[in-house]
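Trainee: Here is how the chains run, residue by residue.
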Amino acid sequence: MSSSNQAMDRFVSGEYRHGFVTPVESDTLPPGLSEEVIRAISARKEEPDWMLQRRLKAYHHWLTMTEPDWAHLRHPPIDFNGISYYSAPKRDKDAPKSLDEIDPQLLETYRKLGIPVEEQKALAGVAVDAVFDSVSVATTFRKTLHEAGVIFCSMSEAVREHPELVQKYLGSVVPHTDNFFASLNSAVFSDGTFVYIPEGVRCPMELSTYFRINEAKTGQFERTLIVAEAGSHVSYLEGCTAPMRDENQLHAAVVELVAMEDARIKYSTVQNWYPGDAQGRGGIYNFVTKRGDCHGDRSHISWTQVETGSAITWKYPSCILRGDDSVGEFYSVAVTRGRQQADTGTKMIHMGRNTRSTIVSKGISAGEGQNAYRGLVRMTPKAENARNHTQCDSLLIGERCGAHTFPYMEVRNPTAKVEHEATTSKIGDDQLFYCRQRGLSEEDAVSLIVNGFCKEVFNELPMEFAVEAQKLLNVTLEGAVG
Amino acid sequence: MLNIEKLQVSVDDKPILNGVDLKVNAGEVHAIMGPNGSGKSTLAHILAGRDGYAVTGGTVSFEGENLLALEPEERAHRGVFLAMQYPVELPGVNNMVFMKTALNAVRTARGEAALDAVGFMKLVRERLRLVQMDERFLKRNVNAGFSGGEKKRNEILQMAVLEPKLAILDETDSGLDIDAMRVVADGVNALRSPERAMIVVTHYQRLLDYIEPDFVHVLAGGRIVRSGDRTLAQELEEKGYGWLEQEDAA
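Those protein sequence lines, which keep their order, are chains A and B. Remember, the numbering used here sits 4 above the position in the first sequence when you count from 1. Remember, the numbering used here sits 34 above the position in the second sequence when you count from 1.
Careful, some of the hints might be misleading.
Claimed, not checked - Derived, one-sided and incomplete: chain A residues facing chain B with beta-carbon distance under 8 Å:
1. R58
2. P72
3. Y438
4. K459
To be verified - Which bits of chain B does chain A cover? Going by a derived footprint, with three or more residues having C-beta under 8 Å, they are:
5. 83 to 91
6. 136 to 150
7. 156 to 167
What the hints assert, rightly or not - Label-pair restraints from in silico Cβ distances:
8. B:K173 / A:G406: 33 to 43 Å
9. A:K430 / B:G61: 32 to 42 Å
10. A:P80 / B:K156: 54 to 64 Å
11. B:K40 / A:H424: 55 to 65 Å
12. B:A143 / A:E414: 50 to 60 Å
13. B:R159 / A:T148: 40 to 50 Å
14. A:A426 / B:G86: 28 to 38 Å
Simulated from the structure, these hints should not be mistaken for laboratory data. Here a beta-carbon is modelled for each residue, glycine too, at the ideal position from N, C-alpha and C.
With these hints in hand, go ahead and build the complete structure from the sequences.
Mentor: If you want it as structure tokens, here you go:
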């Protein structure tokens with residue numbers, strides 16, 4: 005079984021079985037946010053001063069901002085001073101050079117989650133940069149990637165080992181002033197992934213990472229940066245899981261992608277965070293800023309996501325189509341059931357000539373789930389001959405859920421073309437009866453109809469993700485009917 | 035094969051079937067005719083196990099088992115098939131994938147091995163030939179964008195693939211012009227066999243010119259008021275349902 009199959013197995017459990025906490029000695033800061041806390045975070049991570057200064061600048065800017073409230077979302081106010089902004093497992097000063105040096109309890113955590121780190125060398129060859137709470141632990145397959153010239157490491161490590169790259173690109177796509185949560189993230193980000201693909205290199209394997217929020221009231225502020233130089237290709241898989249807790253947990257990540265001339269970045273996400281209990285309590289708040297800069301001509305960035313977890317999902321993976329002939333794509337399946345809420349979509353900003361964007365958004369609502377698609381397609385005055393096609397489909401399961409669409413189209417160039425299609429459908433009793441009369445169980449019927457609905461998006465996922473995403477969807481929708 | 039005794043069914047507390055008796059044996063084709071509102075579709079749906087109907091009396095046994103105690107998919111596994119009057123669309127679900135999934139569900143329930151893609155393709159091609167339908171049907175999504183006639187033919191194709199023991203055709207001719215009806219009828223006739231029983235529910239006699247029934251029953255006021263052979267259908271066509279009421283009154 006490939007390593008990513010193993011990695012994905014944890015999503016496929018019949019019930020949410022990741023409700024456990026690893027009792028590892030944690031170096032956790034008391035709740036609250038202040039300049040002191042930021043200095044403490046920077047010190048614990050042994051960051052150079054330039055990084056600390058960036059954080060402080062972001063923090064002071066954040067203090068001037070107000071939390072946005074325009075989303076189609078309802079939640080109790082977040083107490084930003086009630087969150088601890090750093091949690092790292094205690095470990096030796098020296099970073100582990102081999103897996104033997106890793107805290108056995110952490111390895112046990114990975115085993116419980118279905119990722120035997122030791123086996124990965126023998127398997128299909130997906131490098132895993134495992135982030136435990138706020139600190140990166142093991143990175144394998146460095147050697148193979150190193151030989152190709154690919155840099156794939158934690159953000160913390162990148163700040164230390166590749167400062168010139170980080171200084172050049174960090175904040176170039178999502179500046180610290182961008183929005184409330186990005187500002188916060190820029191001040192307190194704990195860790196994340198850094199990927200750099202040199203010119204002309206096709207990354208020899210798919211890269212992936214996953215996160216775990218362990219401590220209660222620990223905000224997870226991941227920061228990821230992927231830079232693809234001219235002519236390079238990379239495919240990155242992001243999958244998340246989190247244990248059951250009683251308090252809401254805020255996840256405000258920032259992901260920046262930079263694609264130079266003729267470069268391609270494919271970013272795939274399967275998100276299955278704890279959605280809250282039947283009363284809607286305790287789930288993860290997933291407020292993420294993801295943006296790709298199609299910087300060079302003919303560059304190509306594609307975002308593919310399957311979002312089935314979290315109490316609240318608020319994210320708009322976007323593309324800035326700067327280079328001429330550049331292409332941006334967004335494929336999404338977002339499921340809300342129980343009391344989940346989602347306000348998600350994308351922004352495609354066309355600046356260059358002959359740029360193209362494709363948006364396929366599939367929203368599935370069940371139970372009392374509320375699913376909103378919010379998409380912006382902006383054709384700036386210089387976007388000669390730019391094209392967008394948007395397909396926004398909603399599937400309603402049951403009588404109490406909701407699907408909402410907020411498309412924004414701003415066209416300032418007369419040669420640009422924007423197409424928007426939207427459908428809304430139900431899984432009705434008639435359809436279920438039809439399938440059952442032919443011999444399918446109700447579960448199989450829902451699964452068949454939902455998979456048919458999501459097919460277009462699943463086809464865009466890397467193979468191993470696609471198969472598991474289907475299973476995840478089935479598991480997620482178990483019992484959603486009736 | 036099928037034994038319906040004194041069946042009483044209500045919908046929203048309104049009695050629709052008031053004591054239906056019907057016996058169907060393998061190899062037989064029974065036509066159920068009757069005026070609007072007589073309960074023909076109710077009978078078809080109750081046999082298939084649709085929600086929304088309350089059985090208030092009587093029994094239905096299928097091959098010795100209490101049919102009413104089984105879920106719709108369980109009835110399908112036992113070989114009951116309902117060709118629907120208004121087949122629904124399943125957007126995004128490919129026709130061939132749907133039929134293969136259904137067939138394998140039935141086969142697995144019967145303890146038979148599921149067919150793989152190649153095996154299924156072989157089977158479906160043979161069935162297409164039998165009912166004179168075209169491979170185009172396989173490529174489309176279930177009933178999506180199908181014309182009325184195509185939907186009915188898709189029902190027959192599914193029947194051909196699933197090979198049921200008891201096939202109930204609910205107003206298979208409704209909404210069809212003469213030519214389409216003939217094509218559908220040819221398909222149904224190709225599937226007649228000594229092991230299979232059929233119940234053809236219809237309004238109009240003309241379908242029965244093409245699918246010649248062994249028995250004709252008239253459902254009126256929630257009961258079978260008259261049974262006979264093909265000639266009964268012709269009499270009804272000539273004299274109308276009102277004639278029966280007069281005859282009964284007499």
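Trainee: Now tell me if each hint is right for this structure.
Mentor: How the hints compare with the structure:
no., hint, in the structure
1, R58, "violated (47 Å)"
2, P72, "violated (35 Å)"
3, Y438, "holds (5 Å)"
4, K459, "holds (6 Å)"
5, 83 to 91, "holds (count 3)"
6, 136 to 150, "holds (count 5)"
7, 156 to 167, "violated (count 0)"
8, B:K173 / A:G406: 33 to 43 Å, "holds (34 Å)"
9, A:K430 / B:G61: 32 to 42 Å, "holds (41 Å)"
10, A:P80 / B:K156: 54 to 64 Å, "holds (60 Å)"
11, B:K40 / A:H424: 55 to 65 Å, "holds (58 Å)"
12, B:A143 / A:E414: 50 to 60 Å, "holds (55 Å)"
13, B:R159 / A:T148: 40 to 50 Å, "holds (47 Å)"
14, A:A426 / B:G86: 28 to 38 Å, "holds (31 Å)"
This entry does not satisfy hints 1, 2, 7, going by the numbered hints stated previously.
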